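Student: Sequence:
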Amino acid sequence: MTESDVLSKELFAALVQRLLMPFSNTRWSFDPSTFSIAADTGVQEQRLPLSELYQSYIAGESPASLMELLQRLRALMMPPRAERISENMLSQLLPCMRSHMSLQNENARAQPGDDIVFFSYADLLGVALVFNQGEAQQLLRYRDLDRLGLTVDEAIDIAVVNLHRISMDPFRLVQSGFYTTPWKDSHDGARLLLTNLFANLKVHGEVVALTPRPDTLIVTGSKDLVGMELMMSIGATLLKEANALKALPLVLRGNLWLPLVVPVTDPIFDTVNSYRMNVLSILYGEQEKFLADKKMDDPELFVSRFVVDRDNRLGHAFSKSSIPDGGPCTFPEADIIEFIQHSNTGKKRCVARAPFGKVRDVIPLFLIEDLRLRPRRWRINNFPYRSELSVLGAMPPGKGPWIDAERTDSEREKDNLEAIVGIPIPNSARLTFSSDVKNKESTLEFAVTETIEELKDLYLKHLKVGNLISAPTDQGVFFIAEAIGAACAREAWFGPGEVQGETLLRLIKRVNFSTPSVRNSFIKQNDCLRSFEHLFGISLLQEMIPTDTLKITLENVFQGFLASELPEVVVRFFRIQMSGARTVYMAAEKLSPHTVINMDTGLIATINATRTREGTYCSLSQALQPIS
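Note that our numbering has the sequence shown beginning at 982, numbered continuously upward.
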């Protein structure tokens, strides 16, 4: 029996309601008397007739009919088009995100009167406007505004509306709590302007976003250690590419993107801080060249460099810059500022060293912010007096800006070990063995006094696996708690120790950035699979093939697929996206398949245990109505 034989109007309405969920926060209700669905937006009722959509859907062939239905729903949910946007040239106007420094350099190279239109946005970024003509993109210049009869604000409004119209898809899931964009065009970064797109993302903590290149935007939660680690690793990799967008992670508060500030006590601090130092080093290097080219405008001005140092005690990277006596100076907003005096014989001596915040508090009248530049740079025309230098004080060299809390050596060692594997360690732990294999697999082994039951409670809470695997060994039964991510897996093994009253604890971290999950975050999915990703709310492996028609019942929708990868790869791919406190994984036994169930969303993935000659058969089933 084909789908069109059994699909009732009620089931079709339920399918449409499911597909509309990513587009709207409101619930749509079905009205069988008019064969329509309606949503109360708070201002007026929004009603969508279904008759034409239904006839078109049942006349088509799955999955083509699903693709067409989804495209028509996107078009229906798009905001109304302003009259003037119907003009061909204006309909191609879109925003693009770049580093503020690169746009400033673009204008520095432009002929007089040929400046591009751009504005500062969110810390180090800048937004320019382009005419999108497929492969070619033409930057909007001020001379174009006169020709089009537009003001800057009008051009920006038109570009943002155009961007909204091509940004109707939901974000793609990479791993639980970590998302990427589905569009993969040169405007991905500019979608930071559309803060409403981030409203329904399920992250741990505040929404944090990074755009490491124009066609890549990744999002996770501020309290998601694994997600933040993955974000910084992807960003560091893409930073080496020619089209890298030198940007720092931003946190969304209200409708504003603000610089992400991570306290030094946060486990992710060192990872985020190292990335921050790398980005700022590149941008300040570009800025120093930019200022050197303009030296003729102010030949007496000394351009101070941005230098990265490392804290002798804590090991964290920090930035510093110096202000010499003898004339005006422009210096970067570094963590530590040093004041240098020259003796009559020409020898240099540091007479004060302090965090930038203290410098700004002590000599505010000496400092002038250069509002043209991002990252920030300050000008000082006169060297501070002896009294101000005395108040600033002289921090020891090799000391970062952080307050070094009183901690014992054992507490510091515990912090360092936890940073290696990213797994909490009990206070009683005594290190007995450690190894690191080419930064790909780190293993720490401890003797602890906590009982097996206490360790169960600890790791079920922190690794969020939902259950434990038991493994019999010659030494007794060991328990394994596992947390898997797109690029990193963490395991805690614990069982009877060799000494009575002690438990053996083994913590393992495995890193692999060539997994299908990571690769999947960079691809633009084909339209067929993208339709199924939208329906099920989960990403699919590239080149998966639907094996039959979409089946719809009163309870759920069901679709079978064929994947070219091995069963264990497919299982891991779905477990990474569906992991959580209420996710159940049942490994294959005898003739039963692997099963992953998300109890919160009603999504079920089943994967056959053996691979046939054609590939690995798997299926997805999704509840049509949200789980209450």
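What the hints contain is simulated information worked out from the structure, not anything from laboratory work.
Computed from a predicted structure; not experimentally measured.
It is possible that some hints are incorrect.
[Said to hold, decoys possible] DSSO-like, lysine-lysine: derived pairs with alpha carbons at most 30 Å apart:
id: 1; residue 1: Lys1421; residue 2: Lys1221
id: 2; residue 1: Lys1490; residue 2: Lys1395
id: 3; residue 1: Lys1275; residue 2: Lys1204
id: 4; residue 1: Lys1395; residue 2: Lys1380
Student: Between the alpha carbons of Lys1275 and Lys1204, is the straight-line distance 30 Å or under?
Tutor: Violated, at about 43 Å.
Student: Given the hinted pair Lys1395 and Lys1380, is their alpha-carbon gap at most 30 Å?
Tutor: Within the cut-off at roughly 22 Å; holds.
Student: Straight-line Cα separation of Lys1421 and Lys1221 no greater than 30 Å?
Tutor: OK: Lys1421 and Lys1221 at ~21 Å, within 30 Å.
Student: Please work out if Lys1490 and Lys1395 have their alpha carbons no farther apart than 30 Å.
Tutor: Given pair Lys1490, Lys1395 holds - Cα atoms ~16 Å apart, limit 30 Å.
Comparing the model with each earlier hint shows a violation of hint 3 alone; every other hint is respected.
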